[in-house]
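Asks: The residues making up each chain are set out below.
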Amino acid sequence: MTLAALIGVGIVQALLLLLAAPLFSGFARVLRAKIQNRKGPPLLQNYLDLVKLMKRQEVVSEQAGWVFHAAPYVLMSTMLLVALMLPVLAVQSPLGVAGDLILVVYLFALPRFFISLAGVDSGNPFGGIGARRELFVSALVEPVLLLVVFVMALLAGSTNLGTISCKVAVGALPPSMAFWLSMAAFAFAAFVEMGKLPFDLAEAEQELQEGPLAEYSGRSLAVLKWGVYLKQLVLVALFLALFLPFGGMTDLSPAGALLSVIAFLLKAILFYFVAAVLENAMARVRFMKSPAAIWLALGAAVLSFVFYLAHV
Amino acid sequence: MDAILFLLLSLLCYCGAALVALLGGSGRAARQAAGWVSLIASLAGAISAAMAITASSPPTFTLLQLPPFGALALQIDPLSAFFVGLIGLIGVATGIYGMSSPTVGRVVGFFTYSFLASMLLVVTVNNGFFFLLFWELMTLLSYFLVIWKHQDRQTVNTGYLYMLVAHIGAALLLTAFLILYRQTDSFSFRLWHQAWISPGVKSTVFLLIFVGFGAKAGMAPLHFWTPATYSAAPDHVSALMSAVMKKTAIYGLLRFCVDLLGVSAWWWGFVILLFGAASTIVGAFYALTERDIKRLLAYSSVENVGIILIGVGVGMFGLAVQQPILSTLGLLAALYHLLNHAFFKAMLFLSAGQVIIQTGTQNLNRMGGLARRMPWTALTFLIGALAAAAAPPLNGFVSEWFTYQALFAASAVVSFAMRVFAPLVAVSLALAGALALMVYIKTYCSAFAGPARSETSASAQESNTAVLFSLFYLAIGCLVLGLGAPWIAPRIAGVVSQIAHIPAMAVSSGWQVFPVDPNRAVFSPLLTALLLIGLLAMPLLLIALLGGFRAGRRSGVEPWSCGYGYSSRMSLTASSFDQPVKATFQLLYWLRTLLDRPFQVIAEFSRSMVRLILRAEPVVETIVTRPTARLVESAGQWIQALQMGDIRVYCLYIIVTLAILLFAIFGRSGL
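First to last, the sequence lines map onto chains A and B. Take the first sequence: its position 13, counted from the start at 1, is 13 in the working numbering, and no numbers get skipped. Take the second sequence: its position 432, counted from the start at 1, is 432 in the working numbering, and no numbers get skipped.
The following block holds chain A by itself, in its conformation from the complex:
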């Protein structure tokens, strides 16, 4: 594909992810309600919430500085950049010229920095505690994520997203134990980063008041929530791009484009479904117990590395 076509694909997929993100989160909400034997909100409730929030007056705490104001925007812009770079609709990375997989992993750190800072900056006690917990969990997940990235990059011989995705899509990487374990560890890491039970306590609205989001309101809250939905979908897209990049376009054509959109939506629905079932099958545990589960993921990642070394 030409560069212009790639950039076009990138813009389309970023918009697709942005617009579909609240839908997927709504889907997760509906699923949870069904599993818990409730009626639950309508599928499009998140869109209604966002529009409603946009029109509300924003109330800002007197402690808040400019970091507090900037954080929602930084989150959304960073996630859009990642959305532009991932091979979602095409097997190539639409914006591979900007950076590689290591950049993508580190790009997730940028909004984390700002959101956590904003949580403390607001002066709200819940904001600070939420920020602290989120940072702690992500500090534990980061090594898992990076080891998996390294194993995949070593298997593909490159850290370029497009190269890895292409090689997996055409079957140049024979599915090995290393591959499957990497996939499991990465899925786990993505699950944790998406803010699912039992790791994310931002979910526990009653106890922690949504962590760093506590002090936000009005349009800032709307942008922030939208950004969080987008982040979840982007993580799923990253997982799919690395491990299940099937159905992506190799050439630009209307049929291929339609097919790739449908393929992506189906894969994402499947991921959300599995995640929702897992999440609701789990109990909420004490926060300090969560490292134990993450050690398990680290174990899987290390094992996949060992299998890579042994060529299994």
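There's no promise every hint is true.
[To be verified] Residues from chain A shown here face chain B by an in silico Cβ test under 8 Å; the list is partial:
#, residue
1, R56
2, I102
3, L103
4, G128
5, L155
6, L296
[What the hints assert, rightly or not] Here are some chain A residues pointing at chain B (derived, C-beta under 7 Å):
#, residue
7, Y47
8, L48
9, V51
To be clear, the hints were calculated from the coordinates, so they are not data collected in a lab. All values reported here derive from a predicted model rather than from experimental measurement. For each residue, glycine too, the CB sits at the ideal point set by N, CA and C.
Start from chain A and add chain B according to the hints.
Replies: Frame of chain A, contents of chain B only:
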């Protein structure tokens, strides 16, 4: 020759600045004059570096001949030029800072500027004997700077600990240099490079040099002196020590192990790599639980030295196994991170210094809310914190990206040890990165965000213009080093090819940087930055489309606190921030407490030794000299009583004497 002229100008101006500071009195005018002179010196150094960094034949200038030891000559080859440039660029910031900071008084000013001059000499001299001489001078000057500000028991102990570690390091270096002298009969670097030295001797020399310089660089487990030292020293001195002095140790490592000896065994790089990884982890974990802002920054320096050492290790490994791509990547990552760390850490130390001056405390728990009182200082600190936390696309990330690429390239080589350890080191780097993120969020939050937690921090004032100027200079440096990577990386790669004696390789084209092979990975910091800024339009567009701007904003309300009255004590403090990490990794912190005690004992021991020596030294005096002197004196006084000045009494003495003599003579003859 031009580069040498500028170097000499720089040296002269630093010495001039030191003299002006010392002799000019403690007034404001003298301080400013010294600052200006040092600024000229730093600029001259930077110009000299810019001239020499691409020169094919290094300009040399001989100052004097000292026959048994060789010539005292200054030489600026690309490696020296890189470090001269580093000293110049950071010297500019500390020079401007020094002009307005009252801490840089007479004595501190004198020592600071001579310290800069000594570092300049260390990185340009090309003779082992004089290298050690200037190395020692640098240590002594920094020692005085460390103990000058607070002369309490704790600081004095810190000074002893610093001296002890520095001198153990220097002793190892001396041993290594003497071995080389025995092999070559010379202290000249040129002869050391040309001589044939057996691999066994080379490896011995390597180990001595590595531990010697590692102690100075603050590598784990020899890092224990850094937090105490940086915490005690004045702010600009901590900045200089962390940003520049530590780096002279890396210079030494590169100069002796890579340039002069040539890497001869694969395990050299491997050892450095492992120690580097240990330093990143140790530094990051211990930084996280610090409450003292300067100790925290010191531990973060340990972490960053670890990252630099990882690069050096991969580079040296590449040289040993003759993989020039690997060596280029490793050494490029190391030198790049060295430069980046100097910029952001100098800025963090200087702005932390301002915070300490305003709040009167180094305790993070007693700060807070400073972003409203000192907005510009807060902004620069935030940029520095983002860079230090390796947030893309700032400079800290760019060099870490190169480090990852170096490790990735190392994971693909034949050596099994490297294939196992390179990815694990990358994991330690990722963990350290995530922890560094936490460290800097905690620091910024505790100092600048949220409500003020003490009266002094509620009434803090913005830093003055000169200080802000130096902070912004460093902040812009961070941005330029990050976004300008495609133009800066090839320069550093050129330096690397000169040090390692390998052909230069392309690491960038257009807006992109890549690890020699563009198919392996590409990264464009500038494009990333532009896109991040451009995409900010999207949420704004969404708000505009959905009519969000009409709703307005109400600010100045109290944070929500479950319906109770809000108090600033409800907000998160630095100590509560790291509690989960402390609880999960108890073992590491227990180890630190365990290991800290012997060092305190050593420091206390050296203090009591000095006291003992003070008492032992005058033993001869108290037993022999002083009693004799006292005896002579009292005898003299007694004799003086006879001398009355009356001529009649003197006549009487004569008659009495005569009588006694006559009696003696005649009495004996029996008459």
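Asks: Enumerate the violated hints, using their earlier numbering and listing them in ascending order.
Replies: Hint check: 5, 6, 7, 8 fail, others pass.
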